[in-house]
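Asker: The chain contents come next:
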Amino acid sequence: MATVTESKARFDELRLSGKVFLSNKTAVVGLAIFLVFIGDAFLVQVAPGVLGVQYPDSVVPPQFTQTNPECVGTAPEAPSFNHLFGTIQYGLSGIGCLDLLQLVMKAIRIDVAISFFIVLVGAAIGTVVGVVSGYFGRWLDEAMMRVTDVFFSVPFLILALAVGFVIGRTLVNMALALIIIWWPLYARYGRSLTLSTKEATFIESARAAGSGRLKIIFRHIMPNVLPPVLVQISLDVGTVILIFSTLAFIGFLPSNALVPELGAIASIGLDFVALGDWWPVIIPGAVITMFSLAVNLMGDGLRDVIDPRRRS
Amino acid sequence: MKLWVYVIRRLVLLLPTIIGLTFLVFALEHLGGNTLFLAQYINPHLTGTAREKLVEELTAKFHLNDPVYIQYFYWLAAVFQGDLGTSTTLGQPVATGFVWFMPNTIMLTLVASVLTWIISIPIGVYSAARRDSILDQGVRVATFTLYSMPVFLIGFALFIALGTAWHALPDQGNIDPVLLPTIPDAWFDHTNAVSYPTHILPLDAFLHGDWTIAWNSFLHVILPAVALTLALLAGIIRILRASMLEVLEQDYVRLARAKGVPERMVQNFHAKKNALLPTVTSYGYLVSGLFGGAVVIEDIFAFKGIGWWTTDAFLNGDVGVVMGSTLVFGLILVVTTLILDILYAFLDPRIRYE
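Listed in order, the protein sequences are those of chains A and B.
So for the first sequence, the numbering used here puts the first residue at 16; every next one is plus one.
So for the second sequence, the numbering used here puts the first residue at 82; every next one is plus one.
No lab work stands behind these hints, which were simulated from the structure alone.
Here the structure is a predicted model, which is why all the values come from computation and not from measurement.
Warning: the hint list may mix true and false statements.
[To be verified] DEER-style ranges, computed between Cβ atoms:
{"id": "1", "chain 1": "A", "residue 1": "S207", "chain 2": "B", "residue 2": "R90", "range": "14 to 22 Å"}
{"id": "2", "chain 1": "B", "residue 1": "G172", "chain 2": "A", "residue 2": "L229", "range": "57 to 65 Å"}
{"id": "3", "chain 1": "B", "residue 1": "L191", "chain 2": "A", "residue 2": "S270", "range": "29 to 37 Å"}
{"id": "4", "chain 1": "B", "residue 1": "D270", "chain 2": "A", "residue 2": "E157", "range": "31 to 39 Å"}
{"id": "5", "chain 1": "A", "residue 1": "L66", "chain 2": "B", "residue 2": "A108", "range": "55 to 63 Å"}
Cβ atoms here follow ideal geometry from the backbone N, Cα and C, with glycine treated the same way.
Just chain A, with the same shape it has in the complex:
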């Protein structure tokens, strides 16, 4: 019987959460845009043909290493009905006249995957470190705080450049460089959440009942730390895409790597800006903004859900 009422209570809780989220119109809009991005990423991954996307892992078809005979001498075209986002050239010598919409659809898969990868790995490492040091306190905590201080002491973009310089300029290494920057944020956050939970009476009673430290950490502290961390994750997915697309834009990824990433595509478009062509830079940038905006709106809605003071 007890389990039935418990699961009913849980269901009611979930339904209330859903109601609170859905009553926030901007959050729902954010969710809808977010789902479009996820849908695109999913389709490009499992069935790229449905969207008309070919060779999803590269900017140009693999055979066009020198020039694409069809495109020599053609200038990038402005957005039109044939090419909704216009076209761009890869390289001024004209390797491929590429449909920008198709490039953007390919790039969304990589951008979404990398944002989630960075934030989830960073949050996992950071939260565990933060909870452990917050719970055990004393010298361990002090040492951890000093370590995070060091990571915060360098402007994040410059630290990412320095790390990338040493470990090599690839897409995976760019993600690694950003994880190195991201985990201390979660270590701090997890620590402060743990400190406020640690003093609660239910922790005291668990300890009195003979629970071990590990059990207290994983059974009692983690469930209280995780919801706010999850909201933070949802907000950070929208922030990290801004940072790594900017890194890619200033040239973190070598231009011959041909990775379809929104910032890297915008930097290909740089060659045409002097000619007055705006779309190769502005459209990829606007797509990044859309994603970040959607995620931020959604994250704000989620925060209302887990913060009872903001429910009404």
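Here the structure of chain A is known, so what remains is to put chain B in place on it, guided by the hints.
Answerer: Okay, now just chain B, sitting in the frame of chain A:
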């Protein structure tokens, strides 16, 4: 706690951070192996036996055959003497490059910071005071969108709109290349394109009374500065608005209203000052974003500061500059945070007791 006790406490806490910072930079330099480490001390044009001899000398100087913790101290000793190696892209010691380019970055970030405050304070305060009005909603939508834009998009939207499309403002470099030869040798080093004495071109031209150069180089500052301001603005307005909303709920504000103080006085005298306080500390975090933004903006507008130099060095494999920037920007950020913390403690005595 007295203010000076607090200052000393903060200074003591600063030491482990700075030591940790040197560990971090040293570790990064050594992760790449000895060849990468030595690359910053060797002229790339040097070949043959002369190069081998220099490698040997440097190996001995930095004790590269000894354990890592011993190497650290020899590296640290070199850093203390201002020896950050040689920049291969500039052909000058890295330290010299910092002296030349840092003033431009400092000017750009200062101008952007001042502009940000001038614009964001009235908007944030006004938006909070008239909560949910059409104006407030407009401000919220605008800041939310701006907040979600990558820095390069902000920079490029300005670049394209005002630079290439309307030619309203110059968008590349620090001065019109046509004017370069007209600058007298007396205060301008033409081989390295560096002006004296402050290394900030508009200021130097002003000091030497050359109005054409001063005006032209000043125009070159506007677009990068405005772009950087826009990159910072949204974050500050959001913090300010939230902070102002919180203050307006306080009892003392209610009392002021109840005793009949006009609403404008309540906002400007009672609420605004207290709302600004927490923004000062948040600004500490934003400084990190300010320098990061400066790197991107300088790169886009080819504005010759440390950020432009660092990205250029990054793309051309100039290890000394990338590592030097990490160290120098780290030190600047640490000191800025310290100053802001002390300022905050001075303004709000409650902080000293936490």
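Asker: None of the hints should be skipped; say for each whether it holds.
Answerer: Against the structure, the hints:
1. A/S207 and B/R90 have their C-beta atoms about 20 Å apart, which keeps the hinted 14 to 22 Å range intact.
2. Against the hinted window of 57 to 65 Å, the Cβ-Cβ separation of B/G172 and A/L229 comes to about 58 Å, which satisfies the hint.
3. Restraint check, B/L191 to A/S270: a C-beta distance of roughly 34 Å satisfies the suggested window 29 to 37 Å.
4. Remark: the range hint 31 to 39 Å for B/D270 to A/E157 is contradicted by a beta-carbon distance near 49 Å.
5. At roughly 44 Å, the beta carbons of A/L66 and B/A108 sit outside the given window of 55 to 63 Å.
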